[in-house]
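Undergrad: With the hints as a guide, dock the two chains, each given alone in a separate frame, to form the complex.
Here the protein sequences line up with chains A and B, keeping their order. For the first sequence, the positions run 40 to 295 when our numbering is used. For the second sequence, the positions run 154 to 291 when our numbering is used.
No lab work stands behind these hints, which were simulated from the structure alone. None of the hints are false.
To give an idea of the interface, some chain B residues facing chain A are shown, with a C-beta separation under 8 Å as derived from the structure: (1) 172; (2) 173; (3) 175; (4) 179; (5) 196; (6) 204; (7) 211; (8) 212; (9) 213; (10) 215; (11) 219; (12) 222; (13) 226; (14) 234; (15) 261.
Nothing here was measured: the structure is a model prediction, and the numbers come from that model. We treat Cβ as the ideally placed atom computed from N, Cα and C, and that holds for glycine.
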Amino acid sequence: MLNNRSSFFTEFFYIITLVVVVFLGEWLGVVRPLTSALERFSQPVLIRMSHLAMVINQPVAYVQKSFHAARRVQDLEKEYSYALATISRLEYVEQENQELRHLLETQERHKSAIVVSRVISYGLPSVSVGQAEGISPGQSVLASQTLIGLTKIISTHQSQVNLLAQNVTNPILAKTESGVEGIVIGDGKRILLTEVPKDAELTVGERVVTIGQELIQPRLLIGQVKEVIDRPSAPIKQAIIEQLVSFYEVPILEVL
Amino acid sequence: MIDWGRWLLRVLIVILVVLVERVVGIPMLSILLISLFCSRLNKFWCYGLMLFSGLVIASLFMISLSKVMIILGLSFLWFKHGRGLVASQFVRLVIAGVLGAIAVVILSGALWQWKYLVHVLIVILVSFLGLKRHKFNL
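With the rest of the complex left out, here is chain B (with noise of 0.2 Å):
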């Protein structure tokens, strides 16, 4: 059984960092959230949040809803799978949320620029300090 609560105030929370990520410029915190959130759902609410989120990323950030779509599923496999390749769970978030977000920096047609990086830098900052509180395997 699923809590619909719970569910709703995932939603609430991506489209709220959506929606503050797109004055900043990159959707790096959304697409490591939506990764971590669709990796404790089970299937059907996974792909459901998966493609309500990738909606409201597609209808903000100008790009095609299929190529958000790939990239939030790319991101949430490499999230999920990739613990042959690096064991850190943490890592492989930060890897999804970087690259998912240059890839939709890159498709939406703006050029990287390097004051993004400090929001990087801030994005990983929070997501260090907020997992450890979860005890997240880092």
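Just chain A, with the same shape it has in the complex (with noise of 0.2 Å):
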């Protein structure tokens, strides 16, 4: 018994004198570089299995998916009818902006630079970018031009993505297309558009996108009105934001 007692704080003593040890090292600056390396040899790897576990994955996403495959479908059509008819009147205005453009002489265009990553984790959502590529935290991750987290942590080479549904700290300035405005948030399964005022007019379908705020620019595609809740006994309205692509889906994706 004695002698067990005796390894153990032999044994809890060695443990402290490494950490202190390698405190001392991240002190130093000894450990970051070789952390930097790691996450840059194992990147290629880790592309491999993200993209192995997505295959993998396919099947059991098939299978859920088709239990409302007849509605997505008509969901989906009714979609790309609307979608035609706002790309003739998009183009019309872009023919128009030109023709203004060439009239003022400014062809400089303020594009904000885009960073192509790709899903290095599902578990833990992360893309495989990082300080190295200019990533800042807080920064707009897109997939199919819908805006699906935002980055949280950044080491060097890589990037953890807030999922909007895990978004439960970084609210999102938004606004439905009808232009009732709110908060987008995420409850840690559904993404809300909620602090909308109670008189203001919600309906299901209509797209959500955001206004704009420090590092999240305008316009961009959060989702659709899925559902709208409106307890009698709350002051505000809320409604449940669907997105038609998923983190889980997309092998690559796009960071603003």
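TA: Below, the structure is given as structure tokens:
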């Protein structure tokens, strides 16, 4: 018994010493190059493994989706016709815009840098770009032109993504097509458009886009209103937002 | 004397498992294996393995190495010296893995998700079957 206790304290002492040595190494900046190098070397393997995980998960996702396939096709058909109408309207606006620009001779367009990245982890959603690629915390992560999350923790060659459904601390200003403004926030499972005035009209199927704030550009698509929550006792309205793309289904993302 | 081949094989197994678990999300099997391997090595190689594995976990899960070393050290101590509290080695190992993995997930800034529970159950099943074959005290 005494021997065991002595062995425990000896090992405890060794571990504490090791932690102190490591802490000193971190403080002196010795550990950082090692972790950066490991991150860099592990990235190709992680990208391949993530791709493999996606391929393995595809049948499950396919079965899950097929339950609501008929309704989904109907929704998509409706969306498609709506999108066609929008395209023709936008083409006209674009033409008009070009003519105006030509008149004003302002060919300069402010385009923010887009960094293309790949998924390296699904469990702790992460992408393969980091400080080395100029990424900073709070930048928008897009999948198929849809805002799906914000960068959270950044290291040299990778960044953790805070998906909108899990984004409980960083509210995003947003508005619907009809101009109803609110805040987009996650509750762990769903994406909610909240702080909507009680008298505002929310319609199922309406698109929700960003208004624009620091590091988040305006007019980024967030999703569509899926369900409106209007409790008589609540002072505000809420809406559940549905996204047509998922972090778990696209291998390539954009960081804006 | 240490068998270099066996030690390197263990290091490679740990690296492979950490890489897989980085994609999945929680490093439970990695912590479980590190505790198990370290308990069977002498001091020098044990802390060498712990340090190297800690470096891999720290770089992949974006946590500071000192925090990872604290987690690995406590898991190892619990597994090796927690006999007075829990007699079964298997239960001690699973507790070390689960608590260590939860600590890593929380420290890496993520929220605990219930889908991680599926991974935890799979790891428990795999380790149960794996350790049973090696006449482990379950």
